[in-house]
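So the sequences go chain by chain: U and R.
Residue numbers 1 to 594, in the numbering used here, belong to the letters of the first sequence in order.
Residue numbers 1 to 309, in the numbering used here, belong to the letters of the second sequence in order.
Don't read these hints as lab results, they were simulated from the structure.
Since we're looking at a predicted model, the values are computed, not measured.
Only true hints are included.
Covered stretches of chain R (in silico footprint by chain U; criterion: 3 or more residues with CB under 8 Å from a CB of chain U, positions within the stretch not fixed):
| # | region |
| --- | --- |
| 1 | 148-162 |
| 2 | 228-237 |
| 3 | 288-297 |
Not the full set, but computed from the structure, chain U residues with beta-carbon under 8 Å of chain R:
| # | residue |
| --- | --- |
| 4 | 78 |
| 5 | 79 |
| 6 | 83 |
| 7 | 86 |
| 8 | 92 |
| 9 | 93 |
| 10 | 97 |
| 11 | 100 |
Just so it is clear, CB atoms sit at the ideal spot from N, CA and C, and this is done for glycine as well.
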Amino acid sequence: MKSVSSRRANIAIALVVIFIIGYVSLLLVSNYISHVRLVDASQKQFIYVVEKQALAVQYFLNEREKDLTEISSCRELSTYFENKALGMSLEYGLTTSLLNIQKHFNTILQSRHFDTQRIYDWIALIGPDGKTSIITSPEKNKTASVRLLNSLASSLEEHKRIIFVKKGTTTHALFWKPYFFKEQVKGYIVADMPLTSILDYLIDAEAIRAASQSYIFCSDCATLYPEDTLVSYARLDKAVNAEKKNSGILHLSNSTRGGENLSVVYATIGDTNLKLLNVFPEEELSAGVKPRNTLLIMLLLSLLIFVGVGLTFRKNIQKQLLARQVEESLRNAEELNDRNKKLSAEIFERTKVEKALENANKEIAEASAVLNCMLKSATEFAIAAIDTDYRIIHFNPAAERILGVKAEEVMGKRVIDIHSLKDVEHDRFRRGLDIAQKDGKYEYDILRENPNGEEQRMHAVVMPMYDDLSNIVGFNFFALDTTQKYMADEKLRISEERYRTLLENIPDIVFSVDQQFVVRDINMPPHLSYGLEAKDIIGKPLKKYVHKNDHKHLFELTQSDINSRRTDRRGLRFRIVPEQGGCSLGRIEYSLRL
Amino acid sequence: MTGHTYPIAIRKLICWLLFVFITLTVKVTRADGYAEVMQRGTLRHLGVPYAKFVTGSGDGLDVELAQLFAAHLGVAYQYVETSWENAISDLTGNKITTSEQDITVGTNVAIHGDLLANGLTILPWRQKVIDYSIPTFPSGVWLMVRADYPADPIVPSGDLQTDIEATVALAQGHDIMAIAGGCLDPALSRLKGSDIHVKLMPSGMNLNELIPVLVNNEADGTVIDVPDALVGIQKWPGKIKVLGPLTPPQQMGFGFAKTSTRLRDEFNIFFKKCVRSGQYQKLVQKYYPSIFTYYPAFFTEQQRLLMEQ
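All chains should be built: construct the whole structure from the sequences, respecting the hints.
Here it is, written out as structure tokens:
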């Protein structure tokens with residue numbers, strides 16, 4: 001299946017390549033045609049731009065002519081010539097008029113400028129003889145040159161408005177206009193303007209091409225400005241002057257720049273004999289690409305495409321092989337990945353269990369340590385533990401002392417076996433464990449002889465031990481030696497019995513009261529019973545049976561004794577007031593028990 | 001008391017003495033114009049519109065100089081217009097009448113200004129009643145005629161006296177306007193005593209009206225101040241022409257009352273400062289640019305003298 005699809009892909013690629021080759025060929029042909037048209041359009045555009053620039057220059061020159069017209073029509077000039085015509089002399093009045101003319105010229109000179117660059121170098125009124133009435137601004141005390149006067153005179157005949165004069169490396173345009181007063185030429189108004197102004201401020205040579213250069217060509221004065229070693233007036237003279245049209249393009253085969261032939265776009269400036277030229281390398285017309293090279297480019301491109309297609313086929317096959325290998329590798333990688341995942345899960349689980357185990361062991365160790373400490377520190381209680389097999393698994397030092405058996409002697413041994421040695425009933429032991437298992441604990445007293453042959457009494461408790469699942473894992477045995485306590489209780493009991501017997505045999509009433517004078521104990525001899533029994537009086541206040549004044553006296557006396565902590569025996573008389581009525585005298589002797 | 005009377009002569013003497021006392025008292029109270037200006041806080045500039053000294057439009061060479069002087073004093077400037085006829089009287093406080101370069105001092109009148117400046121030519125008779133500052137402007141008198149005057153202007157000979165003679169010769173037998181009392185008084189030029197028909201115009205006439213009167217064919221020509229002539233040449237091209245000079249160079253200055261010596265001295269200090277700073281030359285260039293070519297010596301000398309001081 002894959003080889004079939006690969007073949008189809010190759011066919012598709014081949015079709016696409018053929019289509020691309022055809023499309024590229026079409027593009028190249030159309031590009032060639034466009035290129036030829038572009039060159040034509042470029043030429044037309046260049047001519048148009050230069051014509052536009054020439055028009056701007058013409059407008060500029062017209063403005064300069066208007067300046068001359070403005071100057072020639074100024075009142076200061078007419079005033080001067082009026083006054084002069086009246087015969088006024090410079091010494092007596094005429095100088096004023098000249099100064100006013102100069103001021104006017106200066107105003108024109110200052111007001112005509114490009115940015116900060118003045119248009120005119122100077123403006124002058126030159127007399128017809130060149131010697132009189134030369135007024136210039138800025139003021140120059142000199143007469144006009146013969147050459148200039150000749151030029152002016154000849155220009156007047158030829159109706160030329162501009163004279164070009166070469167001054168060093170620059171060329172100046174002299175705009176001139178004859179001044180007529182009463183229909184006679186009284187002088188010439190001349191304005192000197194360096195051509196730098198036109199080229200610097202009016203012509204943007206780079207509007208055509210960055211490498212182009214603008215020139216002003218004057219056939220009258222055989223001048224090309226600016227002067228250039230690349231193109232000179234002599235080189236352009238024949239070619240430009242031979243052109244009859246007002247604008248066009250010339251290809252100069254005899255002039256080159258950087259190995260490229262030069263092209264010249266020219267346009268005549270108005271009705272003057274001036275031409276504006278723009279010279280640039282011929283390759284600029286086609287943006288550096290020549291139409292004749294287009295075919296070569298097309299063949300080169302076709303070859304490149306064929307090579308590209310071959311490489312594409314080869315790459316395609318290699319790609320398929322590589323794809324299979326990659327597919328196999330991917331599958332293996334997937335399996336490995338699954339295994340890895342499982343292994344990782346197992347490792348994780350194991351790690352988890354181990355950690356839990358470790359924590360549990362740690363807890364157990366800590367708990368055992370605590371428990372051991374507790375058991376060992378319990379010196380009054382004999383503590384022992386047995387497992388479900390009745391084997392002793394713990395036996396604390398107090399047990400050793402109380403039971404008189406060393407731990408190493410009984411540890412790990414079964415209780416039953418020990419009992420057999422000591423003639424303990426098995427049934428009683430089992431019953432006790434059953435009760436403990438049933439009720440939670442089993443308490444009992446033990447009476448035995450200690451190793452010294454003395455009677456030893458103990459109070460024991462058996463409690464079952466449970467694991468986390470509430471299963472019995474053994475029993476605890478707690479025993480307290482009660483021998484001393486039993487003996488003290490026994491002594492007290494015998495003492496009380498003796499006191500009771502003694503009290504019952506005394507003929508007087510003996511009683512004891514607490515601080516609130518409530519009767520706590522009393523013996524009632526039969527002859528002094530007043531019909532009362534001891535039980536009727538115990539717990540009742542004494543004032544119930546004693547006259548209130550005597551009770552008060554007794555109370556105060558006892559309080560005084562209490563305060564002075566007097567414990568010797570004292571006596572006083574008092575009146576007994578039984579409940580059934582009547583009154584008897586009695587004497588009471590008492591002592592305080594503190 | 002009733003029978004006690006004085007002789008008439010003694011009465012007249014007493015009256016005369018009283019008059020002299022009162023006059024002297026008035027003179028004393030008018031002293032020190034500088035103090036008055038400073039106390040008042042205003043400098044009153046008396047002027048008559050004339051040429052480009054006082055144009056009447058709020059500016060002019062003398063107006064700007066007076067304004068600068070007021071600023072120099074630190075007081076306000078006030079222009080007070082007067083007439084040629086009353087200018088001196090308004091400055092001095094005495095009614096002054098002139099005739100052929102002489103004066104008559106009349107009764108007291110009110111003083112309206114602290115200085116007089118409007119292209120005021122320095123003349124001997126004026127110096128009798130007012131003080132002048134140091135010369136502030138050059139001047140002279142030319143003979144101006146209508147364009148259709150039969151004679152052409154003189155051809156300058158290079159000698160002023162020869163040129164004056166030639167000018168007077170050209171004017172023989174023609175009606176020439178002049179104004180008595182001022183700088184255009186025939187007595188100041190060669191007109192008096194020649195065969196020229198001098199036509200005296202009213203002394204109160206505005207000098208700016210001389211050329212229009214001339215163009216209006218009321219005379220063949222007129223004597224005219226050079227500064228005024230320079231203005232007229234531009235205003236009336238082809239209508240008038242200058243035949244030639246009639247007087248040697250004259251000078252103009254600012255006029256002060258005889259009692260305002262300190263004010264005048266203060267002005268002289270100010271003016272020297274103004275010349276040294278070049279401010280004065282700028283003002284002259286503004287109003288009379290061509291005057292430097294006609295009277296170069298005046299400015300050279302003025303500059304030299306002021307720089308030396």
